[in-house]
Amino acid sequence: MSRIAQVPISRNAQRLVLLVLLTLVIFMPAYAHAYAGPGAGFAVLSSFWTLFVAFLYSAYALVTWPFRTLLRMFRRRKAFAKALVRRAVILGFDGMDPVLAARYMDEGKLPNLAKLRASGTFSKLRTTNPPISPVAWSTFMTGVNPGKHNIYDFLACDRRSYLPFLSSAEVKGPKRRIKVGKYSIPLGKTEIKRMRRGTPFWHRLGKAGIFSSIIRVPVTFPPEKFSGVLLSGMCVPDLKGSQGTFCLCSTATGGAFREGGTRVPMKRKGASLQSYIPGPVTPLAEPSKSSAEELRVRFEVYPTAGLEGAKIVVGKKSFVVKLGEYSEWIPVEFKAGLGVRAHGICRFYLKQINPEVEVYVTPVNIDPAKPDLPISHPITYSVYLAKMFGAFATLGLAEDTWALNEDVLDDDAFLVQCYGNHEARERQLFDALEKTPEGLCTCVFDTTDRVQHMFWRYLEEDHPATRGMAQSEKPLVIEDLYRRVDELVGRVMQKVDSKTLVMVVSDHGFQNFARGFNLNAWLHQNGYLALRQGKTESGDWFEDVDWSRTRAYTMGLNGLFLNVQGRESQGIVAPGAVAEALKAELIAKLSGLEDLAAGRTAITGVWDSDDAYAGPYTGNAPDLIIGYGDGVRASWDSVMGKVTSAIFEDNTKAWSGDHCVDPRLVPGVLFCNRKIAEDKPAIVDVAPTMLRIFGLEPPAYYDGKAWTIKYEVN
Amino acid sequence: MQTTTTLTAVISGTSVDWPLMITLAASVAVGLGMVVVFGFTSNQKAIKRSKDQIQANLLAVRLFQDQLGAVLRSYVGIITSLGCYLRLSFTPLLIVILPLTVFIIQMDRFLGWTPLPAGQSFLVKARVANADALNEITLRGSSGEEISADVVHMPGSNEVIWRIPALDSGSQTLKVSVGGRTVAKSIVIGEGSYPRRLSLIRLQGSVWKRLLDSGESPIEVDAAVQSIQVIYPTRKISLFGFRMNWIVWFFVFSMIAGYIFKSLLGIQI
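Taken in order, these protein sequences are the chains called A and B. Position 705, counted from 1, in the first sequence is what the numbering used here calls 789; the numbers after and before it change by one each time, with no gaps. Position 73, counted from 1, in the second sequence is what the numbering used here calls 1048; the numbers after and before it change by one each time, with no gaps.
The hints are simulated quantities; they were obtained by calculation from the structure and are not laboratory data. By construction, the Cβ of each residue, glycine as well, lies at the ideal position given by its N, Cα and C atoms. Wrong hints could be hidden among the right ones.
Unchecked claim - Restricting the straight-line Cα-Cα distance to at most 27 Å, the calculated cross-link-like pairs of lysine-lysine (DSSO-like) are:
#1 K400(A) / K1020(B)
#2 K764(A) / K208(A)
#3 K1020(B) / K395(A)
#4 K759(A) / K193(A)
#5 K419(A) / K1020(B)
#6 K166(A) / K579(A)
#7 K401(A) / K1020(B)
#8 K1023(B) / K406(A)
#9 K395(A) / K1023(B)
#10 K419(A) / K1023(B)
#11 K1023(B) / K454(A)
#12 K351(A) / K400(A)
#13 K406(A) / K1020(B)
#14 K1020(B) / K454(A)
#15 K208(A) / K256(A)
#16 K454(A) / K401(A)
#17 K401(A) / K1100(B)
#18 K1023(B) / K400(A)
Unchecked claim - Far from chain A, some chain B residues (derived; all Cβ distances over 12 Å):
#19 D992
#20 M996
#21 N1105
#22 L1109
#23 M1129
#24 S1132
#25 W1137
#26 A1141
#27 S1152
#28 A1159
#29 G1165
Produce the entire structure from the sequences given, and follow the hints as far as they go.
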């Protein structure tokens, strides 16, 4: 072999050849040759277009710059004139528990939080009654009690139908339609009604010229207009309009899921298996028609030769998923016809491949890059985040707790999903920190809540869901969670300067959920709730309840309602003295109720909502609020308006920790890098405190009071 | 309106604007072909990522307009991502540019020029190696008859230009003689809607130069005549009230076709 042949062509030589070719092409003297087809043509054109748009915007910015700067200087001077800090960062960790935090800090497992405790503040943070996330975060942002912001639970009760509806927002299709052939075409936009009242404190900051970046604070859907950017959090629906409906596509047959998911058949066809993702009901049919067609996206699964994974084909997109792993976020389009389509994203998890094939598909999230409903303010903010960092979960309750509860996902798969979302949120937080050098930056992480809900069973010695399992075998999932939180706080502290005020807050703490209490069953057995003749139990949503003989009922997690004449459609309890007497009777009977079998106090407090709340929306509140004791919560059936024979039951589900109990048992946490001189801080105080530190006076109607904060840096 | 007329003409087979039809067909074929090649030869994921980054940074400029630092960082991001995007488009560009260039040159021979109109005069230009040869240069027709014509000698550039009448339609040959050696050059005279392949020049020289400019065999290296050029009228294609060179329509239609095919095939460009 010749010497030349032995020498491999170097990278430089390759580059030289490319350069020569390019030079030849560029300098060939014919006008036609400048064009190299649509591929390169698009590249060049779109590059110029981008530069052109950037140039246009720069020109606009340059021309308007003096005016904007003057205005900003004026507004900022006004806003920051009395401000005690230039920037405040609030890290929200939903459900972070002060007892666990203190324990892990004492054990040296949370060094960054311990540093905050030592140099600043660590305290319990009094929560709302009931201590439920949408209630507590609404109070956090509005500075008022539920009687003024109208959120009492995830669900509210329709007093006419005795059916539940989502308390935070209502999504309605356009009222007017036009019929064209088989289609009923909506005229106008989908209407999204925000049920939460009150004004978030960042709106007040915005009016004073202070910019805010707000990420995933619960009950911010639909997003409202203000001076800043906001990504909506808890209560954003999935594409079906639900709060999260997964699907399990399987060749095996099985029963329907209790809630939160659907089972979809998967059929073999040659080398592939075919199934579909159920989507929303077509918008091109009358919404009242029960036969309205459900839109679907079909997909095919091709198991790999070694059965270690499968290729999945969805529309034009194909990808390979390994057994026991998730795909990335896959865009899906539900086509209704006439060019109408809904855009979503979902992830596929290959659960099983032999002998049966099972693919779990997450709830179809609204695509943040093409949002069919507004999930951010401005609407382009979610597009910006999606383009900058890739697709991310937009669903309010993005972590699929139902799938773990129904054994569709195992612990590991659930955790991978949780921390995937958590990491996406972290990227958004750090971007917001960078983009908000002055003003307010707030980000709420849901992972703390979901992981504690689902893995509390491993903390307890004798939880019904892990009974018989040795304590030493139980994974330290929650400890790991707190370590991750601590590590994140450490990174945030490194990112901010010492002049920035940093607060870590949670809306409530956590406790064991070992026993379920069916309040409807108790009401039935104590003569307050009646069933139809011959019935000893009732199905979901009071299916077999005889309202003409029912005086009280419960729906949701902590509320108890009287069946009041003139308020409920079939009410029988006279308002006024009779209703008051009935409330007093129920408070007396329920307070201190014992769970004899478990040796626990099931109910440690019952509050009359007339005493607990004040404000214009108290009429929508339940009549009584039940505070469950340690280890007890409303049973799964009770929440869904079901009446069972048994009043108490063991909770054997993975969902094993909870906070929908007596608020005194589950305060949240408050960390701060400054000393806060307040004995009993409450979540309702956050809004007035934030206004005060930015030099604004909290409005008189606020129920919270601003804390005294020591601003010298320790 | 014109498109409808053209379509009707195609269907009926009468008065078809063949140059336009060929341009359209070539545009669609090239649009499809180039998009497919681009899809196969480019890093689709990286291109999407770059485009997303460009869009994200543009949005950031708007979203955080009052944060000067953020805006400046976004401009840097736009420039960086654009550079990355162009770099990623470079590989497929290199792969398609040579065959496409050859294709366009060949198409230009058919569509860029029209045959010499019969009955009108046209220019023939010859270049010789030595200015002395200009005194003995002669021009003859296909059958060897000497053509009398207005002639201009340009010793400074060793060129001679004849203005001669185009008489009979069809393919013909011009013969330029110097010192007993004759070099022929083909010409096409006549009307007709169907495009003919035309060679503007016959010359000595490199393969590249001939590839770009000539459609004929090279002149022998030792011949005194270096090149013979015929000035054909340029062809304009009319559409939507605009008369443009075919390459303009080709550019427009292949871009439209490319846009449609990239959307249909889900290819990132």
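Results for each hint:
no. : hint               : result
1   : K400(A) / K1020(B) : holds (14 Å)
2   : K764(A) / K208(A)  : holds (7 Å)
3   : K1020(B) / K395(A) : holds (18 Å)
4   : K759(A) / K193(A)  : holds (23 Å)
5   : K419(A) / K1020(B) : holds (25 Å)
6   : K166(A) / K579(A)  : holds (25 Å)
7   : K401(A) / K1020(B) : holds (12 Å)
8   : K1023(B) / K406(A) : holds (24 Å)
9   : K395(A) / K1023(B) : holds (22 Å)
10  : K419(A) / K1023(B) : holds (24 Å)
11  : K1023(B) / K454(A) : holds (15 Å)
12  : K351(A) / K400(A)  : holds (20 Å)
13  : K406(A) / K1020(B) : holds (20 Å)
14  : K1020(B) / K454(A) : holds (19 Å)
15  : K208(A) / K256(A)  : violated (40 Å)
16  : K454(A) / K401(A)  : holds (17 Å)
17  : K401(A) / K1100(B) : violated (59 Å)
18  : K1023(B) / K400(A) : holds (15 Å)
19  : D992               : holds (20 Å)
20  : M996               : holds (19 Å)
21  : N1105              : holds (26 Å)
22  : L1109              : holds (26 Å)
23  : M1129              : holds (22 Å)
24  : S1132              : holds (18 Å)
25  : W1137              : holds (25 Å)
26  : A1141              : holds (26 Å)
27  : S1152              : holds (30 Å)
28  : A1159              : holds (25 Å)
29  : G1165              : holds (25 Å)
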